[in-house]
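Based on the provided sequences and hints, a complete structural model is requested.
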Amino acid sequence: MTTATRSEFDQGIALTRHPDEAGRYDAELGTGWQIGGGVNGGLLLAVAGHALSLEHEQHPDPVSISGYYLSASTPGPATVRTEVLRAGRGLSTGTASLSQDGVERLRVVASHGDLAAADGEVRTSATPPQLPPPDQCIGVEHAPKQLIEQAALLERFDLRLDPATVGWALGQPSGQGRIQGWFRLRDGREPDPLLLLLVADALPPVTFDLGMPGWAPTVELTVHLRAKPAPGWLRVVHATRNLAGGYFEEDAEIWDEAGRLVAQSRQLARVPRAD
1 MTTATRSEFD QGIALTRHPD EAGRYDAELG TGWQIGGGVN GGLLLAVAGH
51 ALSLEHEQHP DPVSISGYYL SASTPGPATV RTEVLRAGRG LSTGTASLSQ
101 DGVERLRVVA SHGDLAAADG EVRTSATPPQ LPPPDQCIGV EHAPKQLIEQ
151 AALLERFDLR LDPATVGWAL GQPSGQGRIQ GWFRLRDGRE PDPLLLLLVA
201 DALPPVTFDL GMPGWAPTVE LTVHLRAKPA PGWLRVVHAT RNLAGGYFEE
251 DAEIWDEAGR LVAQSRQLAR VPRAD
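Per the numbering used here, residue 1 is the first one in the sequence shown, and the count goes up by one each step.
Derived from the structure by calculation, the hints contain no laboratory data.
For clarity, every value in this text was computed on a predicted model and none was experimentally measured.
The beta-carbon is built from N, C-alpha and C at its ideal position, and this holds for glycine as well.
Heads up, a few of these hints could be off.
As the list claims (entries may be wrong) - Across the chosen pairs, the derived CB separations fall in these ranges:
1) Q172 - A116: 43 to 51 Å
2) Q172 - G259: 26 to 34 Å
3) E21 - S125: 44 to 52 Å
4) G171 - A116: 43 to 51 Å
5) E104 - A126: 34 to 42 Å
6) D20 - G167: 53 to 61 Å
7) Q58 - A164: 42 to 50 Å
8) P128 - D158: 17 to 25 Å
9) T16 - A87: 19 to 27 Å
10) D135 - E155: 17 to 25 Å
11) T74 - A230: 31 to 39 Å
12) D101 - P133: 41 to 49 Å
13) H142 - V84: 43 to 51 Å
Next up, the structure:
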């Protein structure tokens, strides 16, 4: 048995093709992926992205994927229905709808390609975040008890946060709206494009660093994927520049062990309630 087949992440996004309905897949959302009152939005996006990968045989990897969260998902059975809108030579585009008990939870539009076939040209002014080595960062084992109680999924992660961005855990948020650190799965599964969809929503909400603890439900999440990540640690930075009208945006960059910017994301989320 390979590491991948043992991974809790692969179990979390596992799908069974329905024998009587084309484009339909059945899933089981696990309790280990909860945050706040529902299942983590990045995990849900990975489930939908997985279903579309199965529909696009020549284009297995999400290149651009956007999900709109319509209601909170809960652990238990779920159904994903897909529709292929266009099958091209370089990209295929489709939609996916994830529902539970007839209630739609997530609607996705995505374009899939083959990241392994990319020519490798990179022109960017972006630079990876400067982080202390993982063994000098703050692990999940040091997280406040109330945070773990709200986010069971953190127990699946080997997450090491930059000490410069965890003042909020000591009651001293910086007010800059930035959290960054190292990420890998605790069970050793190596990163791939579907895992990057989870990682884009894996860190604590940047509102923690604004002195606003609590669950921040995602309204919309878009991820752009640039390359297949190299094995090893991922460097992840989440930041916000604007909070207004009860909502904030959260921008993320994900860098692989080879120093490449492999994914970028932006999400719109609701500000945590005062209680």
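Hints, verified against the model:
1. Q172 - A116: 43 to 51 Å: holds (45 Å)
2. Q172 - G259: 26 to 34 Å: The hinted range 26 to 34 Å holds for Q172 and G259, with Cβ atoms some 31 Å apart.
3. E21 - S125: 44 to 52 Å: holds (47 Å)
4. G171 - A116: 43 to 51 Å: holds (46 Å)
5. E104 - A126: 34 to 42 Å: holds (35 Å)
6. D20 - G167: 53 to 61 Å: holds (55 Å)
7. Q58 - A164: 42 to 50 Å: With Cβ atoms ~44 Å apart, the hint holds.
8. P128 - D158: 17 to 25 Å: At roughly 19 Å between Cβ atoms, D158 and P128 fall inside 17 to 25 Å, so the hint holds.
9. T16 - A87: 19 to 27 Å: This hint holds: roughly 23 Å between Cβ atoms.
10. D135 - E155: 17 to 25 Å: holds (20 Å)
11. T74 - A230: 31 to 39 Å: Given about 35 Å between the Cβ atoms, the range holds.
12. D101 - P133: 41 to 49 Å: With Cβ atoms ~46 Å apart, the hint holds.
13. H142 - V84: 43 to 51 Å: holds (46 Å)
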